[in-house]
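Undergrad: Order-wise, the sequence lines are chains A and B.
Residues 433 to 598 in our numbering are what the first sequence spells out, letter by letter.
Residues 842 to 1257 in our numbering are what the second sequence spells out, letter by letter.
Because the hints were derived from the structure by calculation, they are not lab data.
Label-pair restraints from in silico Cβ distances:
(1) B:Arg863 <-> A:Arg589: 44 to 52 angstroms
(2) A:Pro469 <-> B:Ala1032: 30 to 38 angstroms
(3) A:Leu597 <-> B:Ser862: 37 to 45 angstroms
(4) B:Asp1155 <-> A:Leu597: 43 to 51 angstroms
(5) A:Glu564 <-> B:Gln1216: 34 to 42 angstroms
(6) A:Pro469 <-> B:Arg863: 25 to 33 angstroms
(7) B:Asp892 <-> A:His441: 49 to 57 angstroms
(8) B:Lys1256 <-> A:Tyr598: 25 to 33 angstroms
(9) A:Met443 <-> B:Gln1216: 26 to 34 angstroms
The calculated lysine-lysine pairs, modelled on DSSO-like cross-linking and capped at a C-alpha distance of 27 angstroms, are:
(10) A:Lys511 <-> A:Lys541
(11) A:Lys591 <-> A:Lys456
(12) A:Lys480 <-> A:Lys456
(13) A:Lys480 <-> A:Lys494
(14) A:Lys541 <-> B:Lys1221
(15) A:Lys456 <-> B:Lys1221
(16) A:Lys511 <-> A:Lys591
(17) A:Lys494 <-> B:Lys1249
(18) A:Lys494 <-> B:Lys1256
(19) A:Lys480 <-> A:Lys541
(20) A:Lys591 <-> A:Lys523
(21) B:Lys869 <-> B:Lys1249
(22) B:Lys922 <-> B:Lys932
(23) A:Lys541 <-> B:Lys1256
(24) B:Lys1176 <-> B:Lys1249
(25) A:Lys511 <-> A:Lys480
(26) A:Lys494 <-> B:Lys1221
(27) A:Lys591 <-> A:Lys513
Predicted model, so just to flag it, every value in this text is computed and none were measured.
Even for Gly, the Cβ is constructed at its ideal location relative to N, Cα and C.
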Amino acid sequence: MSGNADIYHEMIVDYSRNPVNFGKIENPDVTFHDSNPLCGDSIDIDMKIDGEAVSDIKFHGKGCAICMACSSVLTEIAKGKSLDDVRQIDKGDILGELGLEHLQAVRIKCALLSLKVLKSALYTYLGSHLAEDAAGKTAGTDANDGGSGATAADIDRLKEEAAGLY
Amino acid sequence: MQRTVHPDQFEGLRRDFPILSRRVHGDKPLTYLDNAATTQKPNQVIDTISDYYRNYNANIHRAVYALAEEATDAYENVRGKVAEFVNIGNKQEIVFVRGTTEAINMVAYSWGRDNVGRDDIIVTTEYEHHSNIVPWQLLAQEKGARLEYIRTDDNGELVLDDLDAHLATGRVKIVTFSMMSNVLGTITDTAEIISRCKDAGVPTLVDGAQAVPHMKVDIANMGCDFFAFSGHKMLGPTGVGVLWVRKEILDSMRPFHGGGDMIREVHKHESTWNDLPYKFEAGTPNIADVIGLGAAIDYLTAIGMENIRKHEIDLTSYALERLSSVPGLIIYGPKDINRRGGVISFNFRSVHPHDVAQIVDDSGVSIRSGHHCAQVLMDKMDVAATSRASFYIYNTRADVDALMESLKTVARIFKT
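Excised from the complex, chain B in its bound form (with noise of 0.2 angstroms):
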């Protein structure tokens, strides 16, 4: 049940996260600001997990033993979970994969290879990571395909523009974005792009690892037909994810990987597959880290996704306006609030960012300094790296003014 969350209760909510009250570098309190790669866990989440391997581990879909339907039941519930928490109708559309990486790469390999072919063009955005680029290029070399891109502005926001220039050619087969950039922050028009797709009868395919644990995501209204996101990044385990993808798409999709649970009879030189979604799990799943994932949910559920989203924007908000002051800063990314999450990338003038982290992490305040692997972007920002502090529920002002404090000490040491 979701209920209305007062500034003060996200501060109550830093004692179910053990690893906050910990001690980095002899003495100092830890601030974690990098949660944009990873965020931290949970007593719910952590003593869930502990629970599947303490009191019912068990293989699951087979055996027909107690211990073995207490696991398929607690694995089959958080896909009913995941349906809810995101907006899916049919549990069966729903595959746990490993994050959204993997995710990706299924969509390239299993639908893209049948459906992509010599000159066809496949579209992407400048602000993507990696790895909604690399599976691309894979499939691109192979296929003879073209990967376009649309361009960021120096707002770092997305150019329309060039997304109508690559549909009007007839040759795109499918757009692939993230709903929010890792870097910038950057919360894309996904109801927009996904309209213009439509109007051509593109499909679409939205990296929601960014998203889907800042703010409410509602994937059925949302008019995609593939969806990925991981759980790491919204307090679950690593190593567990989810692939969404339209039922009468994912029907259509050769195997991924094959083996045991993807099938239903194997003979010596064929097999036919399995039901959905279990054709597209091949072998023992992540079942601790899919259960995990499940009270992950639970939690921020309890809190309210809107809530999450008004307290990061409060957090972001006093962050830009003090980290302003810094003299020599530079802060990339939409200046609206409210076209951006909880993360701000930014660079001193004159020092690289690997050494703001490292005289930051003195302080024992962890952020982020580096390409974020995303460095087509990079490349179009002209830096090799920037600095990146993201926040998440647990974070608070006083996080922001600990990194502010060490701020100043980078800009004193090299006295910008």
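In isolation and in its complexed conformation, chain A is listed as follows (with noise of 0.2 angstroms):
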């Protein structure tokens, strides 16, 4: 076998025939879905979230063998590691795990819907915090001081990432 059917390793047919993470959360901290509405590979990440890290991660859908096996790299990568650490997880470290990297363009999309969604839930998680946090404050405090650390900045940051990942 040779060219673009070379992807299809005994690793990414073992993640998709057996993903790992996957399922569902009771009563998730946050929960986020996306979908790629050309292919109609279909993603939901819970989250439960304990202080400063992310103590379970799971996710559903429906999603090719490159969506399945990628979903599952990252949930394990996740899974334990503190908000901020989420936060700089890059497609490179998913594409890298997996052997992907030189992944066509069209198939990018299937391989970074979870991250898009994971750092959709994340500045979703932060947003939500970001204002309980103002909540309790005066107008005008720097939000900055909250419990979550984040910023109107860092989500905005957040966000276009998600938007810019393919």
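Each of the two chains sits in its own frame; use the hints to bring them together as a complex.
TA: Here's what the structure looks like:
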């Protein structure tokens, strides 16, 4: 076999048949859903957040082997990490782990959908905490003093990152 | 002039299509099986378009110089070719549009906005392309009307009892449906639907995008009120299609686009409209591609639509038989070959169609994976997507064999 079908090595096929961290979390602290309109891949990510770290993360949905394998690897990387570390997860981390650095443009969306969902889940979580923090203060106070440590600028940056992934 | 074509002659047609001799992924011959999406173009079409641009490119209908006259003649001649090809009595009823999508949007806008009101019902089917759903959703939302569906059964055919139930409400303003499903290949019982709608006094729109390229279509004897199809699915260029509307209805429709060519007189605050069909062809039309569509019609006419249908029945039967031996493969749509066109949707039980298409592509075989712009049907079938192979005149049994080999590779990699 040669060419593009090379991406279907053992690891990808195994992950797609037996995805890791696949399922739902009861009462998650944050949940986010997104889909790829062109191919119909559809992913939900649930997270439990304990203080400053991701204590549990699961994904569910429908997707191709690339999407399933990348979602598995992503959730493995994110589990137990601090929110700051999760924020730093880069597409190279996922693609590199699965040997997909040279994935053709049309399949990149399959590989990175779950990372987009994770980043979106994170800013949704940080945004809701920012709002809670702000509600407890007088207007004009720097929200950066709050528990999550996130600022409105952080959230905007995350949103941009998520939107610009592919 | 139509001739009888021996199966071997279809093989010979391949020489007319330069793209079919190219290689992909290095040295692999191209097996093109995505004809429901778009078809390849023969030299006759490509050369006709080039000839227009090389030799008589000019804007049509107004200028009096030689080039403009030649261009206008060539453009208007195609209206005659279309009329003959799908049997339309009056050329004034033929509007050139960008494609089926624009045709249906034009009807939903120019006819729908004056004929559909609050609590009225628009009926479509579960196997429609998005282009025959979304324009009606927009209309229904604007007017407070309802969009209702004729369901599909497990065999991929329409449940016509649903049509009767909708018609019995007395609120149905239009029934709009595809003559052939672009996903399942199901050939709609068009005559039966139109007959029931006529009895109820309800107009019908037929989406012929998948039917006109593959079988003899006779609009005059069909009895529908609106008919739409695209050029690029029948060897013609992209960006050109046809909307046919019964004259008394077309006469009553408000303009779709305003601009040049569609007017009779323009004053500061009001205008009057040009005759049919020009009232609906605002702006400089797609002259080159309309002329290219004419060449495609000539090409298909020379082969004969009955011969094309026979060829596709032969190929589809062969493909269905061979595909049924692939382990873990589910094939959708009617089992009866006479009730389906040359479109086969399938899924492996445990492999996503996107992965299937990629592995298959590696052997030079182009099939489609995805929802095929038919998400309502995907939901009904409870799948996110399917793989789809679709045939046309230049496909051969060797193409089916190439598909088979590549599907065996999928089965091996994913251990289905």
